[in-house]
Every structure is written in C-alpha cells, then in structure tokens.
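J.: With the hints as your guide, set chain B onto chain A.
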Amino acid sequence: MTAFAAREYHRFEAAGKPFVYLVPSAAVFALDDVGDAILSAVTERPHSRDELSVTFGANFGVDRVLGTLDALVSVRAIGEAAKPAPPARKVFPLKPFPLTTMVLNVTNQCNLACTYCYEYSEDKIVDTENGKKPKFMTDETARQSVEFMLKESGDNPVAHLTFFGGETLMNFPVLQRTIAYARERARETGKVVDFSLTTNATLLKPEIVEFLVANDVGVTISIDGPPDVQDKFRVFKNGNGSYDVVAPKIKDLISKHRRRPIGARVTLTSGTLDVKRIFRHLTEDIGFQEIGFAPATTAPKHDYSITDEGFDTLLGQFRELAEEFLEAAVQNRHHAFSNVKETLGEIHKGMSKAYPCGAGLGLMGVATDGDVALCHRFAGSDAHKLGTVADGIDRTAQRAFLETHHIDEKTDCRTCWARPICSGGCYHEAHTRHGDTTKANLHYCEWIRGWTDICLKVYAELSERNPAFLTQFDHDEAPERAS
Amino acid sequence: MTYLKAVNRKAAQIDRQLRDAEGDVVALQGGQPPQQPAAHIPLGCSTVFSPGWEVDRTGGTAGLCQPVERDLFDCHIGCYWPAQVPDQLNHAPSWTSSCAAAQKDWRKIDLVFP
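Residue numbers (my numbering), protein chains in the order written: chain A, 1 to 483; chain B, 1 to 114.
Among these hints, one or two may not hold up.
Computed list of lysine to any residue pairs in SDA-like fashion (alpha-carbon distance at most 20 Å, straight line) [claimed, not checked]:
no.	chain 1	residue 1	chain 2	residue 2
1	B	K5	A	M351
2	A	K349	B	L18
3	A	K17	B	A12
4	B	K104	B	H91
5	B	K5	A	R465
6	B	K5	A	V73
7	B	K5	A	T471
8	A	K349	B	A102
9	A	K349	B	R16
10	A	K95	A	Y355
11	A	K457	B	A6
12	A	K349	B	R9
13	A	K457	B	K5
14	B	K5	A	D33
15	A	K205	A	I125
16	B	K5	A	S40
17	A	K301	A	I125
18	B	K5	A	K301
19	B	K5	A	F469
20	A	K457	A	V330
Just so you know, the hints here were simulated from the structure itself, not pulled from any lab data.
Because the structure is a prediction, the values reported are computed rather than measured.
Chain A on its own, in the form it takes in the complex (with noise of 0.2 Å):
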C-alpha cells in the first residue's frame, strides 16, 4: 500500500486559520481542519490512504478526508513517501535577458566618511583613492552608458537609469546632461526612460530640487535617523555629524517633489537597532512616504557588525512595524514601511527565485570608466567585470556567473523552506563575509526565515480582511531602489 509523506512546506496561522506556503513553488494555500490534520500526521509519519481515512474518517468523513489528500497531492505538499520529489529542473533565464535597470556610478568619490560604508571601509572591493579607475565619469562615457541601456533592453518599452555614486551629486552637471541626452534618445528610439538616484543630501541645494522635480527624477536618501543615530557614523571627513546639515535640505525637497515618493534608505548597525524610533523621526518629523531598512554589509570582525542578538531585536521590532503596516492596510491608509511591501509582492505573485535579484540579469551596475559589473557595488571590480558600455555585456561571463550562482548550486539552501524568497542572499554580503559571491549567507538564515514568517502571516491575514488591498501587486513593480 502506498504511504504518503509531506512534501517542503512551511506551516503558518493568520487570523485564527491554517496555512501552508509551498516549496518550491511558492504557493500559499489555506487549508480546513482536514488538511492540516493529515498534512501534520503525514508529517510526523508517512500514512496509507486506509491510515488516514481510518484515523480521520469518523471526524470528518471518509470522502472529505481522501477528497483532501488527493488536493494536497496534486498540489505538491504531500507525495509518495518511496518517491523523493522530483528535483526541480535548473531553469535558465531566457537569452539574451532584458536589461531593466542599469545603475550608473556617475563618481566614485564621496564627501561623508561613513565608518560603515562598504565602498571605502576595510571591506571595499575597488580602491577609489590610488586605483586606475577615474573618479569621476565622462559625459561621453554616460552617452555611451544610456545607448548601452537602450540596446540592451531589448523590446522593454521602458528603461530605468538610476544614478549612484559614492556622492552621486558630486557628479551632478554629468548627470544633468545625461538626463537631457537620455530623454533625447528615448524620444528618438520610441522608448521611456525613467529616471532616479540615491543621495546623502549634504548637497541638495534649491537649484538642484528644480531640477530633480522639473525631471520627475525618483529620489531616494541615505539617511540613519535622528541625530544621535545619524551622527555616529554619517560624518564628515572631520568626524562632523550630517544631520544638521541634511535635515532642512531633505525637508526642502520633500515639500516641493511630490510627483514620487521620496524614499529613505536606512542602514542599521549594531549600535542603532532603534528601527521603530527612527522610523517614527524618518516619518513624523521629516517626512518619508517610503523607509527601507538594511543591515550593513561588513565583515563580522567591525563592532558595527550585527551579531545573532542583534538580529534577533530587530526582527522583534520588524515584527512590530509590520503589525502596523497590516492594520494600515487593512484601513487602506498608507504607511511608509517599505521592506514588508517589497516580500508581500514577492509572496503574491508567487515568485520562487533561481537567483536572490536581478545583478547580472536585469541590473547591471556601470563604473565611471564604462566598465559593467554585476551591479552597482561590484562597479570597477575586475572581478566582477561582465563587459563594458562601449563593447556591450560579455555573454561568456555573463553565462558562467548565471551557471555558478544558481540557487541549484547552493546546497546550503536545499532543505531551506524560505529559499523561493532568499535564493541565498545578496551576492555582495557574501563576497564580504564569505569571500565568494557564490556562497550562501548563512549568517542571516534565521532572520530571513523569521522576517519571511511574519511576512506570509501579514499576506495571509491580508487575503482575509482585505483582499483588495493586495491587487496593487498584480502590477509590476518600480525597479528596487539601488542601495
């Protein structure tokens, strides 16, 4: 007799209910008493189809009980215990793939000296002070880089330019004239080109505001939070604190750009771990209609560095921020916490990753010398060259980064339920504290379990009291914002 066994699954409850998120292919069901009674019984043990009916037919009945069973089975939670599920095929992406944003490192020097900065710190990848590289890029090589971009996006009708730095505005009459020249080749090649850029602000000046509003050009800012929480480690190369300075400036600009929302871009360290009050300063006070919260990239050695307790903390507080980002959006009211929306649209739309993002594939970052890397913070890095603007992307190199980083190859993540979602993490943070881009990073496997918990709880919960709410992700996205 057949016996039945689970399949991946990961277990949640959201209002009062039972649900299963599938591996790997992301799907969320909701499942009645049955079907969480013999998804848990197969679970301990595989079960016969006699077993189960047995076990639970007198509760539920006989037909409901093998009804169920079928459904789990043709879904994938549950299968033949004698036969392991078939090994998912290792998918390439379709060739040559559209290029959808292209980072430009329009300068890779920076007026702050932020300790934790993964460009200049102990963990830098490409020595902007004494290296080859220009510090800072050409009006031709930007020309090159925006024909680059319209060719290599294929059929999309829209490109995304992001500008990045270092300080992108230290760059910024190249960047008022690539806009100017983009626009112009758009116009000519029957596309649109969107443009955006991520700043420190400390040079934000009514000029610029101008001009960024006149362009609708999409802002995002780093910034930590209040001043005691900004000031430690976003300073001057005099060790002066930026807030004061970038306060009224950033105030400036979200009173008069109200085309886009202007998005905050928050890095946490061990020493602010505050996230609930400096998402209240980064709203209330300031103004963000958008705050997204990253750990810094660093190697463990730096105190800054994150350790396990400090995860734990800050997973508390996401946890709180997305309770009230859930009762928002079962209100309809907006609330600015960015992270949980981005993994909402990844669980809505079901999406089970072959690679963690789009480096390489969609997103390519370009270094002020033309070089293209995987993205932006691999930018100069020989080593993660995959062309130039003036040759186009080198599709050996390109093939053989999509062949080694495929998450088939990271056998860390095989019995990992949250995979679909993580794909092993940014490529970046594990160059840094692995050195191997391929690697896993297993130094934040619990948080992202943990946070991907809380997430499918708040879609879950989402789908019962508000449904509506979760149509806005049937659309496609902005591009994520370069960071």
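T.: Quick look at chain B alone, frame taken from chain A:
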C-alpha cells in the same frame, strides 16, 4: 479546488492548471472533441495520402509530406489499420492527454502496458 483555497497568484495558477488537466480527461472519456481545436488530425488513409513509415532521402522524417509521428494519430483514430496503439476508449483514456498538438508534443506520448 474543493478542499484547498488558493491564496496567492501562484496557488491560483496551480489550481487552474489542475482543473484544466481534469477537464481534458473528462472530455476524452465523454467522446467530446479534443479541447484544442487547432490540433489537426487527418481523417484516415483513404482521404489523405500517408506515406507510412518511410524516411526521406536523408534518412530523416522532416522531408516527408507527413512526418511519421503524425501517422500514429492517423492510424489509431481515423483508420482501420491495426496499429499498435493503446485502446483509448477503455483501457488508456488519458493516453494522449499530454499531447495537445501531435506535431509538437508527440514525444510526450508514453508507452502503455496491458
């Protein structure tokens, strides 16, 4: 799905796919026309010239006026020819359920043992 409720888009997609597959088998059993009207099945050797199992001058099948894989369908649906195909009415009703278009999907047709 009667016993499970699809919550996210992927679940709905799986649900839809399963229902479509179910519908396919029912249709074959009920003697209804196949669900994909686009699939072209010739009506037997008396009205269509089927060259059988020959090969073309290169030793392949691509150059034949009808590829050999189409003969399979020719022989067991519209023709009396005693082809070695499963009894699709009684024994193997879903034998061709994964083969929506013979020209494309014939490799998916599996062996059936009595």
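J.: Please go over all the hints and tell whether each is borne out by the structure.
T.: Here is how each hint holds up against the structure:
1. The straight-line distance between the Cα atoms of K5/B and M351/A is roughly 19 Å, inside the 20 Å bound, and the hint therefore holds.
2. Taking the CA atoms of K349/A and L18/B, the gap is near 18 Å; set against the 20 Å cutoff, the hint holds.
3. Note on K17/A and A12/B: the hinted pairing holds, with a Cα-Cα distance of about 19 Å set against a maximum of 20 Å.
4. A C-alpha spacing of about 25 Å is found between K104/B and H91/B, which places the hinted pair above 20 Å, so the restraint is violated.
5. Using a Cα cut-off of 20 Å, the hinted pair K5/B and R465/A holds, with the two alpha carbons roughly 15 Å apart.
6. The suggested pairing of K5/B with V73/A holds, with an alpha-carbon distance near 14 Å, which does not exceed 20 Å.
7. Between the alpha carbons of K5/B and T471/A the distance comes to roughly 17 Å, so the proposed pair stays at or under 20 Å and holds.
8. At roughly 33 Å between alpha-carbon atoms, K349/A and A102/B are farther apart than 20 Å, so this suggested pair is violated.
9. Our distance criterion of 20 Å between C-alpha atoms is met by K349/A and R16/B, whose separation comes to about 15 Å.
10. For the hint linking K95/A to Y355/A, the alpha-carbon distance of about 16 Å falls within 20 Å, and the restraint holds.
11. Among the hinted pairs, K457/A with A6/B is consistent with the structure: their alpha-carbon atoms are about 15 Å apart, no more than 20 Å.
12. At most 20 Å may separate the alpha-carbon atoms for a hinted pair to count; K349/A and R9/B meet this at roughly 5 Å.
13. Under the criterion of a C-alpha separation no larger than 20 Å, the hint pairing K457/A with K5/B is consistent with the structure, at around 16 Å.
14. Distance hint between K5/B and D33/A is fulfilled; the C-alpha atoms sit about 12 Å from each other, no more than 20 Å.
15. Annotation: proposed proximity of K205/A to I125/A is violated, straight-line Cα distance about 31 Å (limit 20 Å).
16. Straight-line distance between C-alpha atoms of K5/B and S40/A comes to about 18 Å, which keeps the hinted pair within the 20 Å bound.
17. At most 20 Å may separate the alpha-carbon atoms for a hinted pair to count; K301/A and I125/A meet this at roughly 17 Å.
18. A C-alpha spacing of about 48 Å is found between K5/B and K301/A, which places the hinted pair above 20 Å, so the restraint is violated.
19. Restraint check for K5/B and F469/A: the C-alpha separation of about 18 Å stays at or below 20 Å, so the hint holds.
20. As the CA atoms of K457/A and V330/A are separated by approximately 13 Å, the hinted pair is consistent with the 20 Å bound.
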